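> Residue-level listing of the chains:
2 protein chains.
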Amino acid sequence: MSADIKSITSTPMRVGVLGFGGLGQAAAKLIAPKSEMILVAVADLKGYAYASQGLNVDKCISAYASQGSVGYLEAGGTLSSQSIQELIDCSEVDGYFLALPNLPNTFIASVAQMFMRSHWQGVLVDAIKRTSAVEQLLTLKSDFQAAKITYLTGCGATPGLLTAAAVLASQSYAEIHSVKITFGVGIANWEAYRATIREDIAHLPGYSVERARAMTDAQVEALLDETNGVLTLENMEHADDVMLELAGICDRDRVTVGGVVDTRNPTKPISTNVQVTGRTFEGRISTHTFTLGDETSMAANVCGTAFGYLKAGIELQRRSIYGLFTAAQIMPQFVK
Amino acid sequence: MSADIKSITSTPMRVGVLGFGGLGQAAAKLIAPKSEMILVAVADLKGYAYASQGLNVDKCISAYASQGSVGYLEAGGTLSSQSIQELIDCSEVDGYFLALPNLPNTFIASVAQMFMRSHWQGVLVDAIKRTSAVEQLLTLKSDFQAAKITYLTGCGATPGLLTAAAVLASQSYAEIHSVKITFGVGIANWEAYRATIREDIAHLPGYSVERARAMTDAQVEALLDETNGVLTLENMEHADDVMLELAGICDRDRVTVGGVVDTRNPTKPISTNVQVTGRTFEGRISTHTFTLGDETSMAANVCGTAFGYLKAGIELQRRSIYGLFTAAQIMPQFVK
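In the order they appear, the protein sequences are chains A and B.
Numbered per my numbering, the first sequence spans residues 1 to 336.
Numbered per my numbering, the second sequence spans residues 1 to 336.
If you're looking for bench data, these hints aren't it; they were derived computationally from the structure.
Be aware that a few hints might be false.
In this list, chains with the same sequence are indistinguishable; a pair is considered to hold if it fits within one copy or across any two.
27 Å max Cα-Cα, derived BS3-like pairs, lysine-lysine [stated by the list, open to error]: (1) K59 with K141; (2) K180 with K46; (3) K34 with K59; (4) K29 with K59; (5) K46 with K336; (6) K34 with K336; (7) K148 with K29; (8) K59 with K148; (9) K59 with K46; (10) K29 with K141; (11) K336 with K29; (12) K141 with K336; (13) K336 with K180; (14) K34 with K180; (15) K46 with K29.
Computed from a predicted model, the values in this text were never measured in an experiment.
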């Protein structure tokens, strides 16, 4: 849909995407045809691009692919080693999706603090995964409130979509016995999601975030060769647990997350689902299940959800509601 | 949990239940063990009961069962043909669950107007089913806003829990092709849910709300004898459609609701589920499915959800957010 048609309806939300790897590019593609949102800002490690009337997503992607940064974009691109800081200072954006790698584990929180130091006011949404990363943000709750930033954390697929589904499922029960999240991810080529796959490797026994981050591409390749490209993950440190605990659903030790990632086949090895088991007020034990269709990609489930929360966050911001929220507390909206 | 233990934690929410048939009684039983909410007010057609420190649910139920009204309750009961009006005038309640029969179709809206005329301020939650009933409430939206009432409509199982699940499921898609809700209900004895079963009968071909309402118990019994106690319902007029349309998910004609109700067997004849089919931003067609465990009763799924929305509504009310909302817009909270 062209910018002209967009402007006929109510003013679209001006959104930005920080990080322009696999997830950031998918986010940009997902937003391109929307009428309610326009992508005005993107940043990667080496540069950023800003256009108040909307960026050309295809040109951003080809600049990144051919030259290594959106900063090379002819119209609106700027090369900078302080890309996020400069973008914050020069742009007018209602809300950002932080599609940044979560390595090191403190990175997202440090970016959030950069926004606050710049006295920027708006909505920030992340698709952070680790419990410890969300816990760092929790310590900033009153800072976000004071800075008039509406920050929504854990707004991807898991945590995010499946965490919210667990909150809904819990409504039928007087007590929650377990929340079991099992995900299947299939991608044709791990190199399109270098950061995401390293984050997955970090969950394997004997690995850490630091060790996974330090691996060369060749080392990742060698590890994947050993398992025929498949990563099987159990009892992962996933923020679904702290988010559900904060929402009062159950103690975090009742929440488990595991999955199977096939890095050489876009077909999902198993269906992604969340199972919520509990006891009803009549004393019956039962299980509700939310299952994602196998044809939906990680990118669709993560980025679609993130923008649904971004829209909901902009509504909160317009009502002067600031602070830190998780995907378990807010109903995401549908972005047209 | 005793009232003493409740008072140790933060002040519990004071809630009321209007209507004391099958649904209202289930709602009262569900609330009884909660620490975050106390049931202080109930009303039926012939009377009401109010106790600022909390009602004894068992005694309310036995008064209703043995004498036909909670108004006969020794401590706090009052017989009145204007039970709801008198209760509003004499009580302090943070929010009500309107577990009222939705026959006639204008009844819930007329009760809502009674609250506004009385200058009552708080949260109202209904588990209304019909599109036309929700549409009547929609016309009152600005009135609720002006009256500083936070009204949440369609907050039962369907519409309600399954509608909200459809909103979550839609996040993965660029376009929604269909939302298909199929419910199974099993109850041991239709006479425990006289109003609910008449509402179901009203959806059968050749029946209307008026005709179903006018049926004697013997006529309902005769109809159920013909079908061995099973009611099969298709293309029902259910407010999931208008709620999803309002939330921007899809046009209402893409939403269908049907189900099978067994009035002689508490086992569900089929599993209740919602299937959301759409197209992702990459062009793939897929279906997400949310399925309720068969062991969960209609009462657990309806009343649990309604109180989850009531808690969320009280949070909105405390933030001075008034007006009309649907289950598709707000994340219900978990009531402990």
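> Taking the hints in turn, state whether each one holds.
Comparing the hints with the structure gives:
1. K59 with K141: For K59 and K141, the Cα distance exceeds 27 Å both inside one copy (37 Å) and across copies (45 Å).
2. K180 with K46: Neither. Shortest intra-copy (39 Å) and inter-copy (47 Å) distances fail the 27 Å Cα cut-off.
3. K34 with K59: Close inside one copy (17 Å), not across copies (56 Å); limit 27 Å.
4. K29 with K59: within (11 Å within a copy, 61 Å between copies)
5. K46 with K336: Cα proximity of K46 and K336: none, with 31 Å in one copy and 49 Å across.
6. K34 with K336: within (5 Å within a copy, 40 Å between copies)
7. K148 with K29: neither (29 Å within a copy, 42 Å between copies)
8. K59 with K148: Answer is neither; intra-copy 34 Å and inter-copy 49 Å both fail.
9. K59 with K46: For K59 and K46, only the intra-copy Cα distance (16 Å) is at most 27 Å; the inter-copy one is 71 Å.
10. K29 with K141: neither (31 Å within a copy, 37 Å between copies)
11. K336 with K29: This pair counts as within: shortest intra-copy Cα distance 14 Å, inter-copy 42 Å.
12. K141 with K336: between (30 Å within a copy, 24 Å between copies)
13. K336 with K180: between (31 Å within a copy, 21 Å between copies)
14. K34 with K180: between (33 Å within a copy, 25 Å between copies)
15. K46 with K29: Within. Shortest intra-copy distance 20 Å satisfies the 27 Å Cα cut-off; inter-copy 60 Å does not.
In the structure shown, a violation is registered for the earlier hints numbered 1, 2, 5, 7, 8 and 10, in ascending order.
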